[in-house]
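My request is simple: use the sequences and hints to build the entire structure.
Take the sequence shown: its position 114, counting from 1, is numbered 1409 in the numbering used here, and each next residue is one higher.
Since the hints were made in silico from the structure, they are not lab data. Glycine included, C-beta positions come from ideal geometry on N, C-alpha and C. Hints may be right or wrong, so weigh each one.
Simulated crosslink set (DSS-like; lysine-lysine; CA at most 30 Å straight-line) [stated by the list, open to error]:
| hint | residue 1 | residue 2 |
| --- | --- | --- |
| 1 | Lys1358 | Lys1457 |
| 2 | Lys1347 | Lys1358 |
| 3 | Lys1347 | Lys1461 |
| 4 | Lys1347 | Lys1311 |
What follows is a set of in silico ranges between Cβ atoms, one per label pair, in the way DEER data are often shown [unchecked claim]:
| hint | residue 1 | residue 2 | range |
| --- | --- | --- | --- |
| 5 | Thr1315 | Arg1385 | 22 to 30 Å |
| 6 | Gly1362 | Lys1461 | 44 to 52 Å |
| 7 | Gly1485 | Asp1462 | 19 to 27 Å |
| 8 | Glu1413 | Lys1327 | 32 to 40 Å |
| 9 | Gly1485 | Ser1325 | 20 to 28 Å |
| 10 | Ala1490 | Gly1362 | 15 to 23 Å |
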Amino acid sequence: MRIGILSAVRRSPEEKEKRTRILSKMVAGSAKLDIIPSDSPLEQLQTLDDHKIATPYMVEAAKREEGRYGAYIIGCLGDAGLQELRRSTRTPIIPPSRSAYMMAATLFDRFAILVNNEEGVELRKTVLQEMGIDQCLARMVVTDMAPLDYVHKPDQAMERLKNLLKDGADGALAIIPTCASLVMLLEERGIHNMAGMRVLNPLCVSIRLAETICGS
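Here it is as structure tokens:
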């Protein structure tokens, strides 16, 4: 069975190949993983308006590939287009950040979230409240970096994260990066612990869920 990651942005062939290689290493069973391209005009998602722009392109891609995949994973870690996608296809839609939040709340008393900007903070707080697990949030850490910064300025990004987390995150035992480009950077560098906190990778969590659904 195949797992499809619905891309919310336009990527170069080289970047798509690199991400496919990194993500495929997260697959534990026999399932095959593809990044499904869309015709999105965006190179990165930074705002809720960007989410709205990208959503119809992901919906179109999901409809086009209907029946080829056992599960879809939303490629945006803001879980962009979740409701629209679920209304448009019978294929299970896995929202990576929501999946990671629920796992973190199940495993740990307190967890932290890495987010790119203040608009993202409010979105994630609302999601945690809707899920009924907002009491588990220790801290929201704002990086003030754009997704492409993690791609083009990786050393600067890692130094900023080190400084932001030098004092921990208010007792959190795990930390969840909620930007796909940041997840790729951490995986590429083999970073699974930051400031004494386990890094809970939303895409890895989602792949495990997809494998369960697909029977891999």
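Outcome of the hint check:
no., hint, result
1, Lys1358 / Lys1457, "41 Å, violated"
2, Lys1347 / Lys1358, "18 Å, holds"
3, Lys1347 / Lys1461, "35 Å, violated"
4, Lys1347 / Lys1311, "22 Å, holds"
5, Thr1315 / Arg1385: 22 to 30 Å, "25 Å, holds"
6, Gly1362 / Lys1461: 44 to 52 Å, "49 Å, holds"
7, Gly1485 / Asp1462: 19 to 27 Å, "24 Å, holds"
8, Glu1413 / Lys1327: 32 to 40 Å, "38 Å, holds"
9, Gly1485 / Ser1325: 20 to 28 Å, "24 Å, holds"
10, Ala1490 / Gly1362: 15 to 23 Å, "44 Å, violated"
Hint compliance for this structure: hints 1, 3, 10 are not met, and every other hint is.
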